[in-house]
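Since the structure of chain D is already known, use the hints to place chain C on it.
If you're matching them up, the sequences are chains D and C in order.
Under the numbering used here, the first residue of the first sequence is numbered -17, with each subsequent residue one higher.
Under the numbering used here, the first residue of the second sequence is numbered 8, with each subsequent residue one higher.
Hint data in this document are derived by calculation from the structure and do not stem from the laboratory.
Ideal Cβ positions, reconstructed from N, Cα and C, are used throughout, including at glycine.
These stretches of chain C come out as covered by chain D in the derived footprint (C-beta under 8 Å, 3 or more residues): (1) 11 to 21; (2) 31 to 40; (3) 69 to 83; (4) 89 to 100; (5) 110 to 117.
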Amino acid sequence: MKSISRRNFLVFAASLAAVAPVLKGLAFDRVGAETPPNPFPRQETPVVPAKYLDGVVTAVGRDTLSADTFRGALTIQLPDSSGVWKGGFGSGVPIEVGDQFYAWGDLTTKDQFAAEKIHFNIRNEIGPISELQVTSAGDASFVLAGRSGQFQVVTNDRTTIVHSDGTEVPFRGEDKLIAPGAMVQVLGLARGGKLEATIVYPSF
Amino acid sequence: MTVMYGNVTYYNCNGGSGACSSCNDGWNDLAWPNLSTTGCVYNGCANNCSHACGDTVQVTNLCNNQANYIRVHDCFPRVGCNYADNCMGRTPPLADLLPAAFMAINGGSLGAGRIPAKVVC
Chain D
-17 MKSISRRNFL
-7 VFAASLAAVA
3 PVLKGLAFDR
13 VGAETPPNPF
23 PRQETPVVPA
33 KYLDGVVTAV
43 GRDTLSADTF
53 RGALTIQLPD
63 SSGVWKGGFG
73 SGVPIEVGDQ
83 FYAWGDLTTK
93 DQFAAEKIHF
103 NIRNEIGPIS
113 ELQVTSAGDA
123 SFVLAGRSGQ
133 FQVVTNDRTT
143 IVHSDGTEVP
153 FRGEDKLIAP
163 GAMVQVLGLA
173 RGGKLEATIV
183 YPSF
Chain C
8 MTVMYGNVTY
18 YNCNGGSGAC
28 SSCNDGWNDL
38 AWPNLSTTGC
48 VYNGCANNCS
58 HACGDTVQVT
68 NLCNNQANYI
78 RVHDCFPRVG
88 CNYADNCMGR
98 TPPLADLLPA
108 AFMAINGGSL
118 GAGRIPAKVV
128 C
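Isolated chain D (complex conformation):
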C-alpha cells in the first residue's frame, strides 16, 4: 500500500512537471500586458564586491602584511607567489611599506583578510607617446601622456607587446607600432618615478 501511494505520487509529480510550462504560458497570455522582469535593473547606490580590497602597506611580515584599507587596519594573509603581482605574478620584487595594493580574497575575521590575488603599485595607463628612445639592447623608454598624468615608461627583457591577433610576444624597442605620437596602453609597475612596462598594447 505504501509503495503504491509513492508510485502514484511520482506519477502525479511527473505529470505536473510536464504541464507546468504550458500552464505558465497560458497564465502569461492572460496577462499579456505584464512586462517581464527587467534583466538590467537600475542601481542607484554603489556596490563594493565583498572580495575586493585596496589600501596601503604599513608593515611587511614573512607571509603577512599589515595595511590601512577602506575596511580599516587589517592583517593580510598573502597567497603563494603565483598570486602576488609586483611587475608580474611571481616576480619576486620585494613588498615594501608604502606600497599601494589591490587585492581579491576573503575577510576571514573582522581584522584579517586572506588574499587570493594581490597587486602592488600596478598602473594601467593609455595615451600618446613622445620622446621615444631605443637602446641597442632593444629596450625602449618614452613619455606616456596617460589619463592620470605623464609617465616615464621603460621596458625591459620581461616586457611583452600584444599584436593585433592577440598574440603576446617579447617587446623589441624597434617595433614599428611604437613611434612618437602613437597611442599606446601600458600595464606596468610604478617604481622609482618610472613606469616599468610589463605589457604594451599598441593601437593598430
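Leaving out everything else, chain C in the frame of chain D:
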C-alpha cells in the same frame, strides 16, 4: 537587447569623480561611451547603446566566461579603436571598468590590461 563583442580594460579613479557621481576604485562600476545623462557619445568604434547613470549592463569575460552586471557611472572617450586583448585578440574597446568590477570577472586579477568581452545592453 543589443549584444556586442570586443574588449574591456580598467582605469583608476585617482581621486577624480565620474560623470554621474564621485568615483571609487572599489565600486562595481564602469565608464560607458554613450551616456544619455550627460549627452556624451563616443560611438566611433562600436555602436554602444545609450544608457543613463545608474543603468546596469552585463559584461562577460570571454576568456573565462565569468559574467557580472555592472553599473554605468561615467562616460569614457575611446582613445583609439584597435587595441586587441591578449587572450583572443578581440577589438574594439567597449567599456572601461573600475578595478573592482574588472577583478570580479577576471578571477580577481589585474594582471592583464585588456580582456575579451561580450557586453549585453
